[in-house]
Each structure stands twice: as structure tokens, then as C-alpha cells.
Amino acid sequence: MTVGGYTGNIAYIDLTAGHMECRTTSEQDKRLWLGGSGMGAKILMEECKIDTHPLSPDNPLIFMTGPMTGTNIPGSGRHQVVTKSPLTEIYGEADAGGKWGAVLKRAGFDGLVFKGKSERPAYAFVHEKCVQILDANFLWGLDNYQVNEVLQERHGQDIAVASIGPAGENQVLIATILHEGKKGRSAGRGGLGAVMGSKNLKAVVVKGDNPIAVYDRVALQAQIDAVTPGIAEKTKGLQDYGTAGALIGSERIGDLPVKNWSQGTWSEIDKISGQTMADSIVKGKSKCHSCPVSCGRTVKSESGYGSVDGKGPEYETLGMFGGACMVSDLDAIVQANEICNRYGIDTISSGGAIAFLMDIYEQGLIADADITDVDGQQLKPLWGDAKAMISLLHSIGRQRGIGKLLGQGVRRAAEAIGNGTEDYAFHVKGLELPAHDPRAFNSLALGYATSNRGACHLQGGSYFFEKVAILPEIGIMEVLDRFRADNQGFVQACLQNTMSVMDSLKLCKFLFYGGIDLTIITGWLNALTGFNYTVEEVLTAGERIFTIKRMFNVQCGISSLDDTLPRRIAEVPRPDGGAADNLPPLAAMLIEYYAARGWDDHGRPLLTTINRLGLG
Amino acid sequence: MRIYFASPLAKMIGQRDYDITVHSTVTVEEVVCLLSRRFAQTQVFQDDYPGKSYVPNLLMVLKNGRYLLKPQDCLENHDDLEIIPPIMGG
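Chains as they are written, first to last, in our numbering: chain A, 7 to 622; chain B, 11 to 100.
There's no promise every hint is true.
Below are the EDC-like pairs computed for lysine to aspartate or glutamate, each with C-alpha atoms no more than 20 Å apart in a straight line [claimed, not checked]:
1) Lys-293(A) <-> Asp-315(A)
2) Lys-21(B) <-> Asp-246(A)
3) Lys-73(B) <-> Asp-587(A)
4) Lys-213(A) <-> Glu-27(A)
5) Lys-21(B) <-> Asp-276(A)
6) Lys-73(B) <-> Asp-20(A)
7) Lys-121(A) <-> Asp-20(A)
8) Lys-73(B) <-> Asp-487(A)
For the record, the hints were derived by calculation from the structure and aren't laboratory data.
One chain only, chain A, in its complex shape (with noise of 0.2 Å):
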């Protein structure tokens, strides 16, 4: 049988020696671990290691689709970017939609796994099934869009591109990897561009047009068309106002965070929303690949801070820069977006040092001398100061000044400046707090906690069934109570495992606000490939892809101690806003996860369940 939705090749390139291998996959490792994240996780427990540096040549960086990946499906236009992750020092992935991951299918591959380091600045050039590293001595030092225009005209309008600017040069520990230049599609997390970086590797060029197989093209496009009309009338207000949209909800019901975690409410809001946004800089939308959402927006801005003309910030970039450093100027925070785009840096991040930097300064934990821009001049980071927030970035970007340590995370540079500055550190295992409060969502307390990459809201996604949305297969058949304290532990281990699903299928996991679930994925799934899952079968899948990395992370040093909160998350409640008071009850939770995971006390995955997952 010939399995839809794959290639069936994955390319191994070592830099070091300049040579391409290409390994066809078993279709038992097609149905076992789906593709994009699953198929990394498996890729990466493999290739890498234990005691590997993550900046060393020896850590593979695994670019994956999944069987979904450039296909008609909605939502499909995703795919996965693995690694050891060096801001974590354990498991790293991010994922990027928009149409990278399409168009390398077309060029005849699922995935790319580079290795070793190149003598010199090189780039991948992916056609027709073959790679050819070229030499990227005229790209060094180009930032990300400037890098695109340059390939562009080298090799055509039709490729897409993946590249570093010049943090992931320069080993920034928050480093991004971007694709498609202006278009500004990044896998953001991690630290993945300073991987890349380190292999110097500048991009990663793909350009194809071949067919993708399907198995049943008749069934799949009628289960394609009997539910993309639902998906574009339930996300109408994605569609008219962007992720961005949901700034103002998010500080109604205590959500966001201002001032780096320490207030409930922010009245300064509406300057920067989506609602704003659309009246005021707002030119168009943008949207992935097969997409019937199109949440992306571009935007014109002219200021003081420069002008730009492209990729607008989305929720997580607004609720950083803005509320987390109360940064109410909304032009000021669209150009803290370009000039992240164009070094690589990661707005969620980068967003969270600066608030950090921020606190410490007004507590008086930092001597003033240590805060210096990219020039050496002195400065003040005062709350809500625009043009500290830029020259902040600039810094990080250069790695110069004050920008050397906030470049490598909160928790490098609390460790470096001591004085009790860990406290105003929000991160877990390394990874800082994305936009959303865990005080606001008890689940999302536990989700943070246990995130296979650290903090991060979208491994579990438990937050949209406390918002919105509903998961019938899992038992989720109204929207659950967001304060809640009982049966938290199995409810985010199936949540975990759905989005571990979506993560390697590579499907937008907005399709959950769309009325989209997972009897209807299952579906889409065997007409695509002509496998006969369950969706016990699916959801088995994405447990064994979640539990794989966990053992990956428990083989990196990573115990039960390690999951948990910031203290002042934990144990501080903030005064205001529409969480007020409220402390998620971790303690509790973990227990009970650990249970409905199989783990052990210490967060271990039992042998029991390791055998049961045929991970053994």
C-alpha cells in the first residue's frame, strides 16, 4: 500500500563532511509517530547523545512535516523544527506555519536532519530530492528579510526560505529560526536559531512543486468540505481582528501579564488590542497554507521608531512587549516586531527579559552601570519605556552591553546578577512564560509545570477548553470551570496527548476553535493516508510522542523537582483583575498527573508504561 500524505524520505546531512544520505521510512514508524513532532521526538532520541552540548556538531536539527503538512486539510500548513534546545539544555521544538513545510514535501522530503558544522557560512538549496549546501559567505551578517530578497533573486520567487539573522550568527540562546522573511513565520522558542547558528548554517532553501499522494482524494475532500465552512463562521473574530483580538479578553478574566506577573489589570489595554490595531495600522490579513482562517495580519506604521511595512505582532508579541513591560505605544511594539524578525529573535522571550530587566531595576537589584546599550551608553529601563524596549533589542541582537545576558533567558541572567533577582525570573526549566497568567487557568498551571520544551501554553492547550471550546473524545463536553482543582492531572494528560496529535500531524491547533475535533481529524487522517486509525489509536500515538520526550528530559536530568512554577507565580497572588487571588493548587495537580501518566513519584515514566507504548 502506498501510505498518502508522505514522501517517505528523510535526509540526513552532515556538515562537517558535506554529505547527504537519504533513509526511507518504515510504514510502522509512519503509524506509530505520526510525522512532524513525533517523528523528530523519535529522530531526536536517536541521534543525540545524552551528554551532547547543544551547541556542539553533534546535535542534530531536525526540520519535519507532517502527513498533513502542504496538503488541502485546513489548518495544514505547519511543520516542526526539533532539537536539544540551548536556552533549556532538554528537549526543544518550536513550530512555524506558513508554507516552508509545503514546499519542501514538494521538493521530495518529510524531513531534514542536519548534523555536524560546516568549515564556513553555508545554506541548504532543497529540489527535486536532492540537498546541496552552497556557500553563504555573501549572506553572513544579512538579516532575515534581507536574506529572503538575496535568495529570491538567486534561485526564484517560488521558494521559501528558512533562515537566522544575526542573533542565531551570534549563538543568541533566544534565537529564532524564520521563515519566508517579511512574512515572518517563526519557530520562536528554544533557541533554535542559535543551533543553526552553530552549525553555520544560514538557511535552508526548499523549492518544489510535486504532488503530494492522498490516498482517498474523493473521500478526504468531502470530509474537507462538510466542515470548512463551521471553521471559517466560529472563528470570525480571529478572521476580523487577528490573535490579537484577544488582548482585551485576556486582561478581563486576568490572563495577561503586566508589569513581569505582579498586577491583575492593565488600563493602558486598549492601545494596543486588535480592535485597535484594525482601525488604526492594519493593511491585510495573511494566512498559512491552506488556511480558512487567515489570523495573520499586515500592517503600515510610521513613527518615530521607524516605519514598517509587513508582519504585524500577534497576541504573545503584544502581551509581552505590552503588557509584561507596559509598553502602551502600539507602534513602538510593531517595530519591537520587525526588528525581532530581522535578528531572530524570539518576541515571547525577549519580551520577558526585558520585563525582567525592568523589575530588578525598579527594586534596585541591578547597579545602573550594568544596564548599557549597544554603544556602551547608560540606561534607565524604566516601565513602559519604549525606546528602552528597542534598545534593549538591538543589544540582544549585537549581544552587546546588557543585551549579552538577557540574550541567554531570565534564568542565565538571574544567576549571573544574583542579588535575589531569581525571583523576578518567570520561567520554567529554563523557557520563559509565554502571554498567558497559570493564575488565570489552574490547567494551565499544570501545563506549564510539565511542558515537555518548559513553559509553554500550546503542549497542552488546556487553556482554550477553560476559554471556549469543547473535545467531546476526551470528555471535555462543555467548557471546563478555569478554577478548578479536581481531576486537573488526567484532564492535561489527554490534553497533552491531543496536542502532541496536532503537533505531528502538523495541524493548526485553532481548528479546536472551530468546532474541529478529533473523531473529525481521524478521519481526515485515514482518507489521507489510508491507514485505519482509531481515535484511541491517535491519542495512544500522541501519548508515546509525549512520553518520549519525557524520557529524553528524565535522561537530561529532569525530575519531579523540576516541574513546577516561579515562586511568586506559585505563591503570590496578584490584587486585582479577573483572577484575583487565586493560586493553582500544583502540589495537588502533579500528583494526580503523574498517576494518570504512569510515571513514577519523581515524574518518571514507569516501565509499565514505557513497555505498554512499545518505547521499551
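Take the given structure of chain A and dock chain B to it, following the hints.
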């Protein structure tokens, strides 16, 4: 019962809040139905799929600044509500 409309609902409706009086316990669904009859603009947020609740499950209703409600949750006249449109992200 005072009902606040979060942006952009307030902009669509043309007012930020609205008062109603109820003489007994009512459900969220009943209040939203009442609002949708009073303000035709809110109908763009309704989910009228057959067999589904009249109140869209993508609409957030916040009671007294804290509690996110479900369609069948009960309300009293002294409660404050905030209607947050179905806009999600991040």
C-alpha cells in the same frame, strides 16, 4: 443587572454597558438571547448550528469580574456581567 460589552462589541453596539432588571433567577443563555433581540448587531456572534446551544460556545461571559460562565449557569439581578466577543488567540 449591569452588562458591560468588551471591545469590539461595545463599538458595534454603540454603547459600553446596558442595564436589565430580572425578577428571578435567569440563565446566561436567556440573558444573551435577550441581548441579541435588543441589539441585532450581536447576532454575528451567534452559533445556530442545529442541535447546538443557541449561545455560542465561543462567547465568553464573565460574572462579577471573575467567573467565566456556561450557558446554563444562573444569574441574579445583582450580578454584573461582561460579554467578551469570541476572539481568541495566542
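Handout entry: List of violated hint numbers, smallest to largest
Key = 6
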